[in-house]
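Protein chains in written order, with this note's numbering: chain B, 1 to 273; chain D, 1001 to 1222.
Honestly, the hints are just simulated from the structure, not real lab data.
Please note that a few of the clues may not be correct.
Claimed, not checked - Straight-line Cα separation of at most 20 Å, SDA-like style, residue types lysine to any residue; simulated pairs:
{"id": "1", "chain 1": "B", "residue 1": "260", "chain 2": "D", "residue 2": "1215"}
{"id": "2", "chain 1": "D", "residue 1": "1034", "chain 2": "D", "residue 2": "1143"}
{"id": "3", "chain 1": "B", "residue 1": "260", "chain 2": "D", "residue 2": "1143"}
{"id": "4", "chain 1": "D", "residue 1": "1009", "chain 2": "B", "residue 2": "260"}
{"id": "5", "chain 1": "D", "residue 1": "1010", "chain 2": "B", "residue 2": "265"}
Bear in mind that the values here come from a model prediction, so they are computed numbers and not experimental data.
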Amino acid sequence: MNRNHALLSNKTLTAQACATKLRTEKVNLYYGSFQALRNITLDIHACAITAIIGPSGCGKSSLLRLFNRMNDLIPGARVEGNVELDGILIYSPGIDVVELRKKVGMVFQKPNPFPMSVFENVAFGPRRHGMSNRAELEEIVEKSLRHAALWDEVKDKLEQSGLALSGGQQQRLCIARVLAVEPEVILMDEPCSALDPLATLKIEDLMRNLAQEYTIIIVTHNMQQAARVSEMAAFMMMEEDRAGVLVEYGPTSELFTNPKDKRTEDYITGRFG
Amino acid sequence: MEIRTTFHKKLREMQDEVLVMGSMVEKTLMSSVKALKERDLDLAHQIISDDLKVNQKRFEIEERCVELIATQQPMASDLRIIIAILNITTEIERIGDYAVGIARITIMIGDEPPLKPLIDIPRMAEQTVDMLRRSLDSFINRDAESARKIATEDDLVDHLYDQVFRELLVFMAEDPKTITRATRLMWTAHNLERAADRVTNICERVVFIVTGKMEEIGASKY
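Next up, chain B with everything else stripped away, as it sits in the complex (with noise of 0.2 Å):
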């Protein structure tokens, strides 16, 4: 028998089947005169997961944010290149930011839960985006807490605060708010740092469920967390200017098992930090 092949799992041969959501090409980023990202080009694929890894101040966060437009907020800030999604150029003119966001949903570091009850937080999106009939909304709630695997932990305290929740609780009801507005790119910007373990399994499982019908992107710290979700993995960098390159992008399976290319391999293996 031929075992002439590289590791490959099933994870990364659904990944390879799907089709590319988001696609950036060429992309240099600045914030003034200081250069974020330089010259990134890289495919993420629908209804997979995609994390992003590499030290701190690579440009992990800058790269997501590049998705939903977060970065038009920083003063200075400035996009040459294309950025895509279902290909369509997201920096170009007539492109609604509201409506891009809608898409491109985003989870933070720290779970940020408004002020409100359960209910109003996750209803908060659609009742911005029109929706005001009592019973759809309930219906939007119900289907978002579930799809955020909360549901069955907060149905009966939808009315009381969202901020008396625990801290895994908080961010699934910041994924629920999110799934409320109906995106089909969710966005993670280190989810789970704020996380104990368990809250952090509960979240990756939750990811998993996720992906079958969303396209998610998370930037991590944790290179494990990454190896646990992920389909496709990049690996970022800071060149001597400390603009963020991309070193290596492909299959999880590959990457943290057989990487390409030796920068990526060190930081991986702890050579180099």
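Dock chain D against chain B, hints included.
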């Protein structure tokens, strides 16, 4: 800048232990053929009891591998080294078992008159032990090129095995009374042929460490 110094020190120590285990088995394999040649039954018994130490060493190394995987979450080449060590120690341990097999045959033969002077069987042992030693060098040096070359030398052992087989066949055909003794020598040669095949497997693991690819090199004709 090396960051995980403790982990990488442990990893290096484990590779040293693999070398220790390898040299234990090199010695027993050579001794097993010596015991056969010289009808040294004490040595044969010694080989059988010493095999426990080899098995013990293998378990020790395995436990360390499990501990490193569980506690250090090794990645990339570190992970491949640990996985390869698990396989390599299994192969070395089996080579030790073939030496035990030869020792048992020696005890079985006891003081029966020799069928013929042993020429090719000691050669098979020397070639196999030489391959084993160099395969472990290639493991330490991460030398896939050497590993591939060593694996192809299995053909030399196969060739000697053919020679032993043909020669013994002639004995058996000419005088059926030699069949029992000739068969025992066949078993011995077979143990050595298998041992060399195990070295080939070690070479494949070295290639895996270096390239990340699992490839079969020069499948044995047996």
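message = Run through the hints listed earlier and report the numbers of any the structure violates, in increasing order.
response = 2, 4
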